[in-house]
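There are 2 protein chains.
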Amino acid sequence: MKIELLREDLLYAVNAVERAVSTKNTLPVLSGIMISAHGNQLSFRATDLEIAIECVINAAIEEEGELVAPGRKLSALAKGLGSGPLTLESVGQEQLLIKYDRGQISMPCYTTEEFPLLPPREGDIQGTIPVRVFKRMVRQTGIAASADELRPVFTGIMLELDGDNITMVATDTHRLAVSNDTWQGQGKATVIVPNKVMQEIARLANNDDDNIIITVSKSQIFFSFANLSVTSRLIVGQFPDYHQVLPDQELFRSFLTISRLRMIESLELASVISREIARGKGNIVRLRLDEHSVNIYSSSPDDGTFDENQEAVISGEPMTLNYNARYLLDALRVMDDDQVTFSLTGPTTPGIIAAAADDEEAAAEKENKYLYLVLPVRVSK
Amino acid sequence: MKIELLREDLLYAVNAVERAVSTKNTLPVLSGIMISAHGNQLSFRATDLEIAIECVINAAIEEEGELVAPGRKLSALAKGLGSGPLTLESVGQEQLLIKYDRGQISMPCYTTEEFPLLPPREGDIQGTIPVRVFKRMVRQTGIAASADELRPVFTGIMLELDGDNITMVATDTHRLAVSNDTWQGQGKATVIVPNKVMQEIARLANNDDDNIIITVSKSQIFFSFANLSVTSRLIVGQFPDYHQVLPDQELFRSFLTISRLRMIESLELASVISREIARGKGNIVRLRLDEHSVNIYSSSPDDGTFDENQEAVISGEPMTLNYNARYLLDALRVMDDDQVTFSLTGPTTPGIIAAAADDEEAAAEKENKYLYLVLPVRVSK
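Protein chains in written order, with numbering that gives the first Met the number 0: chain A, 0 to 380; chain B, 0 to 380.
Hints in this document: simulated from the structure, not taken from any laboratory.
One or more hints might be untrue.
No copy is singled out in the list; a pair is fine if it fits within one copy or between any two copies.
Calculated pairs, DMTMM-like style, for lysine to aspartate or glutamate (alpha carbon to alpha carbon, straight line, at most 25 Å) [to be verified]:
(1) K187 / E49
(2) K98 / E267
(3) K78 / E264
(4) K368 / D209
(5) K78 / D302
(6) K23 / D301
(7) K98 / E310
(8) K1 / D302
(9) K187 / E121
(10) K98 / E61
(11) K1 / D301
(12) K98 / E264
(13) K134 / D335
(14) K1 / E112
(15) K78 / D100
The shape of chain A in the complex, shown without the other chains (with noise of 0.2 Å):
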């Protein structure tokens, strides 16, 4: 393998297959980059086993082949060389030779036989995403999945795709977020994507008025944009039924609706005060709906009290209700909107965070539709 190409296209390619490498010890060759030279394509290739990213780029190549440079060695080279030309070159399979103006860089490699394949991209659902869309959608559900490995199912981002509506549902179990939208699809599918996955095509796609192709087979989800394709495995299980859980109409009691940044102020500095209830629920504020205001109160025999009023809009009956300050911090922070309105179902029953109807209406011509059921916390007296 003989390849000449500019220092920039090699920092590019290698910055965005960096993070699919492995960073676990049990299998040496996926902590590599694969690089492979054929015709006029250059292609970086790095894979974990659960995400894969390929970057295809053009440069001269002098001779076709293919090596595995060690990935992260490979990364802190490509950041320090600057700019201008360079050639990459196989020594036998065992050695990557960097040479550029001034001097030259050897490195060991891996053996290129034990790189996994990528499996073929195919699957019979298709369909194309404006990356603005897609990042959207990826940051309003992304906060309400689980970190917990134990429960994989949660990990994950459900993708409902029906002919041209995509929706995308997250939830650890205290909170579920439902975005929506339209794009360009056809065929009827419901896949779980780690939500770690989808974070990362959400950093790598940078260009919001580029497109995002996404292919579903039977066992891996395949995007593509730019010049990159990213492949994930799927995750194996059952998703709960979120129309099932989310609230009918005529159980909403109360309303309150607000402007969402004060609304995040006073969140935040209820929880430099706030009670610490025991087993990890976090920040706990109190909400009291009053008839023109929500009073939001916290306390701490050792830290103090804050209490707050701010001026809402306020209808159905008086209620009062605690929360674990982060996620109703969560919502309000991935939201677009001035307004939100809290619909409640009672104290210790769901309820939902969305746009305020004034602004649904905006909403109505983005097509993005967004949800947020939120428990409130049972405090003990």
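With chain A fixed as given, assemble chain B onto it according to the hints.
For chain B alone, coordinates are given in the frame of chain A:
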């Protein structure tokens, strides 16, 4: 105590003194910030007994008094409170009440009697130094100070004041940095100030056009600038005589003059591929002085080799030296000069890095002199 002030002013004062709030739990009151209101001056003060920071601002004082509020909590709240007026009020000595348009926050306080008094700011040796000069000197010497608390003298920066001359020196016994400049001073003193304190002052003094007044007493040193006063204990002990450590002119056998930024690039790359020597000696790189270039080389059986030639102006004997790459990088990164000269006495004896002769002339005008002495590493074959 009852004071009206702007939230921005509270944030400014709390931010300034926050770093002196103790993070240890040995004496609880030291995790507090002392607030004193007298006349029309409001003082915020914190100390961990090594450093004390006081910030004095103007405020509308309705009722004089003082209290010690919990530091971290006050700081977190000040950050979240946004802008606008607020009232600080004491409820006895036990509680601080913060009132603002939308609500109020209360927090328990410490007893003011337990908070240590600050020593009076007096001393015979005094002078004034521009913030810009002070920060450069601290940046250039702090890199050579040790973090090893077992040898306190080496964790400090030695400050040598002699009439209108100010010199800072630091060493961890592997390298030694000397920065010298002029200041408007009188008297003669040699003291050792904790590097941590010097870094903190450099961080707090954010207006480069301001001046710092330094006052030295028997056991304390005082720094005043803007509306801040910083008091620090001095480190007791014997600092090595740096004049004795610097090699005599006739010992220099080779001189290497090179672009500072290019050398940084090379050393960073060489550090990626390098031989880890046991006992924490770090990344070893080899410099070989050829006729018109310097060869920078590092290797490791597992990680490959790095081999680069940089154009350089070289005089004297050919020489090959091994260095801890970090020791060279530390110095090169804090210098301002385009070209630097390594003056070398031999492959196992100290060398000096300083501005190149051409730059030295330019440097003469700005009056700052910088020398960095570094020992090559003995590499066992």
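query = Is it within, between, both, or neither for K98 and E310, if the alpha carbons may be no more than 25 Å apart?
reply = between (66 Å within a copy, 17 Å between copies)
request  = Give the relationship of K23 and D301 under a CA distance limit of 25 Å: within one copy only, between copies only, both, or neither.
outcome  = Result: close only across copies, 18 Å inter versus 43 Å intra.
key: Homomeric proximity label, K1 with D301: Cα distance no greater than 25 Å   = Result: close only across copies, 23 Å inter versus 67 Å intra.
inquiry  = Regarding K98 and E61, is the shortest C-alpha distance of 25 Å or less found within a copy, between copies, in both, or in neither?
reply    = within (14 Å within a copy, 73 Å between copies)
K368 and D209: within-copy, between-copy, both or neither at 25 Å Cα = Intra 21 Å, inter 53 Å, cutoff 25 Å: intra-copy only.
ask   = What label fits K1 with D302 when the C-alpha limit is 25 Å: within, between, both, or neither?
value = between (65 Å within a copy, 21 Å between copies)
key: Homomeric proximity label, K187 with E121: Cα distance no greater than 25 Å   = within (15 Å within a copy, 80 Å between copies)
Identical-chain pair category, K78 with D302, by Cα at 25 Å = between (47 Å within a copy, 17 Å between copies)
task = State whether the alpha carbon distance between K98 and E264 is at most 25 Å within one copy, between copies, both, or neither.
result = between (54 Å within a copy, 16 Å between copies)
ask   = Are the CA atoms of K187 and E49 at most 25 Å apart within a copy, between copies, both, or neither?
value = within (24 Å within a copy, 67 Å between copies)
query = Is it within, between, both, or neither for K98 and E267, if the alpha carbons may be no more than 25 Å apart?
reply = between (53 Å within a copy, 17 Å between copies)
query = Are the CA atoms of K1 and E112 at most 25 Å apart within a copy, between copies, both, or neither?
reply = within (19 Å within a copy, 76 Å between copies)
Violated hints are absent here; each numbered hint is respected by the structure.
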